[in-house]
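Q: Given next are the chains, with one letter for each unit.
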Amino acid sequence: MDLSFTPDQEAFREEVREFIRTQMPPHLAAKAAVDGHFEHEEVMEWQKILYRKGWVAPHWPKEVGGTGWDAARRFIFSEELEKAGAPTLSPFGLAMVGPLIIQFGSDAQKQRFLPKILSGEEAWCQGYSEPEAGSDLASLRTTAVDDGKGNFVVNGQKTWTTYGQYADWIFCLVRTNQTGKKQTGISFLLIDMKTPGVKAVPMLTTGHTPAFCDTYFDNVVVPKENVVGPVDGGWTMAKALLGHERTLIAAVGTSTRALIRVKRIAQEHGLLADPAWRGRIARLEIELEALRMQNYRALVGAQLGHAPGPESSVLKIRGSEILQQAMELAMDVMGPSCMAWFTPPGVLSPSEQWIPSAFNYTRATTIYGGSNEIQRNVIAKWILGLPAQA
Amino acid sequence: MDFELTQEQKMLAESAASFAKKTSPVERLRKIRSMPHVEGVEQRHAAKADPRNWEPAVWKQMAELGWLGLFYPESVGGLGLRFFDASLVIEKLGTTLVPEPYVASVVLAGWALLKAGSAEQHAKYLTPMIEGETSLALAWQERGSRYDVTSVKTVAKKSGSGHALTGEKVLVLNGHAADHVVVSARTEDGALALFVIDPKSKGVTIESITTMDASRAAQLRLEGAEGVRLTGGDAQVALEWALDLAAAAACAEGLGIARTVLDMTNAYLKVRKQFGVPIGTFQVLQHRAVDMFVQTQLLESTAILAAVRADEEDADERRRAVSIAKVRLTAGGKYVTQQSVQLHGGIGITDEHDVGLYFKRMQVLCTLFGDDEHHLTRFASREAFATTVGE
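One line per chain: the protein sequences are A and B, in this order.
Quick note on numbering: the first sequence equals residues 74 to 463 in the numbering used here.
Quick note on numbering: the second sequence equals residues 19 to 409 in the numbering used here.
Check each hint, because a few of them may be wrong.
[What the hints assert, rightly or not] Covered by chain A, per the in silico footprint, the following chain B stretches (three or more residues, Cβ under 8 Å):
hint : stretch
1    : 31–39
2    : 185–199
3    : 286–297
4    : 305–317
[Claimed, not checked] Here are some, though not all, of the chain B residues that point toward chain A, as calculated from beta-carbon distances under 10 Å:
hint : residue
5    : 25
6    : 280
7    : 326
8    : 339
9    : 353
10   : 407
No wet-lab data here; the hints were simulated from the structure.
Glycine residues also receive a C-beta, built at the ideal position from the N, C-alpha and C atoms.
Use the sequences and the hints to build the structure in full.
A: What follows is the structure, given as structure tokens:
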């Protein structure tokens, strides 16, 4: 039993810190220091800096432009970026469709898509959810019909398309076969957002950031070579994709950062001398430390090659709950000023400026990526072996 | 970073699990537990094996397995392992509520003796306990002292070559059965010190009381009782360290309990039928069971953290880890045991069902060696708290 990172891993951590300190441009660093909100262009700017360093895809194999790092290094890297308040790169290309193409894509698909995902030249979004297909994803209705000329013709609507308005490509689950069980007959299709008939319409979140779109497909012609894996085999693709990077799902670095921010704001309001406030913050910090240990155990399991199993649902559930609680605590330490909404500079401190918006958006963490209720269903079935509902 | 158990650790855990299951199943606790305040109700196990509430023969057996000296240096008769190894045993003892005073005697009183006693005192008091010949108790609490080891009114006056102790100690775990009791007291110059007393000696009155968890403790009255001062180390350091170690032990035991009742509850959900179906098909109960599982996972993570840090020299790191685990024990341990009672329904609050025994032991563990409030405050009072997270 050993709870410390090796000297080698600690040296790597220092290298990452040093990189962030020296390579993050001042205008990004200034925002990071006060946990400001990064615009899309700023995120892409940061992606290019990581790309030039060769660190943009920690979890990809070396031969396709990844780092070849083991799970521990990936965790340390991610934790340090999160703790520094660095812009969060869009996961849709790098963490989702990229690894799927690496695993199941054709050579042509690999050559066509992977380099531009790495460089940030092409941004991606995800077309899974539909108005009538949320947690019950397999009930999706967007259709792709073979036109007999080497294309699928896509019709339907996707929703909650995160940052669809900035994306060049979308990966979709579409129905290619209406017969059989609803999980069969689904295909995994890559669609160029510039194709005629595709329209992404941003909607406002409660945090008043345009984080999501409704995405419409009206007779969109997509070449059949854009299917990843077998036609009608998309459900397997979707499940494989869920298995990637499960050890980072708890976002302990993000919550660590959020709690440091809570303490900073509490300090600004003179609350840290009050044992009651210290107690409240301490209680959440203890929950985070428990999660951190839980994450370390999963991480070491991954290092040893244990497949990320349903246990990662524990990380998702607790990680999202703790992050929400941290944002709520941030609101509470702000006191009455937490009601101020996108006010001009000077009304709130720079640390506080984005809290009310982020507090609202953070409610999404227990919903996206498989809602926490779905995660509980997963544990009930696969770990506790409880019988299916009548 | 490494969370795999070594081959030796796996064998140790397996042997403790087998001991708990075969030598001391819950049924044994039921036979020897004390049952005051039970009148007019059928008592299934009225015959009591021993007024101690535990059995010297079993204690001796645990000594022969090496468990009573696992994490003590070889110089005092121990095996020279780490406290983490002992935590594996303690967790398994928790799974069947083994009544022998492992935590009270080996962890709490033993560690105080090790840290505060001289080599000669170790040989006299600690080694016989490690050999299973004696058991020990640590009398550190007084009325109203709660968890403050320095809140001591008991006085020790020089008397001949030794000291005469006067005062009152409460809730002394294993105090009703111990061969030697380590007592905290203030000397005439106001210093906190530890003394060993013989509970059968003049001036010592012991009132044996029953505790909620089917165990016993003692109220100790000292009126000029003869005490031998421990002279090998600082009393406050020894007391605080012993309590940290005991709190880590409580977390390990609590983990054993949580795992056991989670399994019991999960099994029950699959067989208990209502409305014509197993109640485990109901999503509201499934999710409750999942939350019990999540809490048990977190208890495991923090119990490991506390057990690894508990015998480390770095007091700051040790306190931080132990307080994290103890606060979590209260949050998670109570949740798991309370929900196990709830999900068992009416049968869960009968004395006949084991789930209530686990529930009560968990409640006691949450209170022992610093409760939630105590450890939360201690965690939040650290100097580093204001500016760092997770360092």
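Q: Would the hint on residue 280 (chain B) stand, with a C-beta cut-off of 10 Å toward chain A?
A: The hint holds - residue 280 (chain B) has a Cβ within 10 Å of chain A, the shortest such distance being about 9 Å.
Q: At a threshold of 10 Å, is the proposed contact between residue 25 (chain B) and chain A supported by beta-carbon distances?
A: violated (14 Å)
Q: With a Cβ-Cβ cutoff of 8 Å, does the stretch 31–39 of chain B contain at least three residues near chain A?
A: violated (count 0)
Q: Taking 8 Å as the C-beta cutoff, is the stated coverage of the stretch 185–199 of chain B by chain A satisfied by three or more residues?
A: Answer violated; 0 residues pass the 8 Å Cβ test.
Q: Taking the closest Cβ pair, is residue 407 (chain B) under 10 Å from chain A?
A: holds (5 Å)
Q: Does the stretch 286–297 of chain B contain three or more residues whose Cβ lies closer than 8 Å to a Cβ of chain A?
A: Contact hint for the stretch 286–297 of chain B vs chain A: holds, 4 residues under 8 Å.
Q: Using a Cβ cutoff of 8 Å, are there at least 3 residues of the stretch 305–317 of chain B near chain A, or does the coverage claim fail?
A: With 8 residues closer than 8 Å to chain A, the stretch 305–317 of chain B meets the three-residue bar; holds.
Q: Could you check if residue 353 (chain B) really has its C-beta closer than 10 Å to a C-beta on chain A?
A: At about 13 Å, which exceeds the 10 Å cut-off, the nearest Cβ of chain A leaves the hint on residue 353 (chain B) violated.
Q: Hint residue 339 (chain B) vs chain A: min CB-CB distance below 10 Å?
A: holds (9 Å)
Q: Quick one, is the residue 326 (chain B) hint okay against chain A at 10 Å, beta carbons?
A: Interface hint status for residue 326 (chain B): holds (5 Å vs cutoff 10 Å).
Hints 1, 2, 5, 9, counting from the list given before, are not met by this structure.
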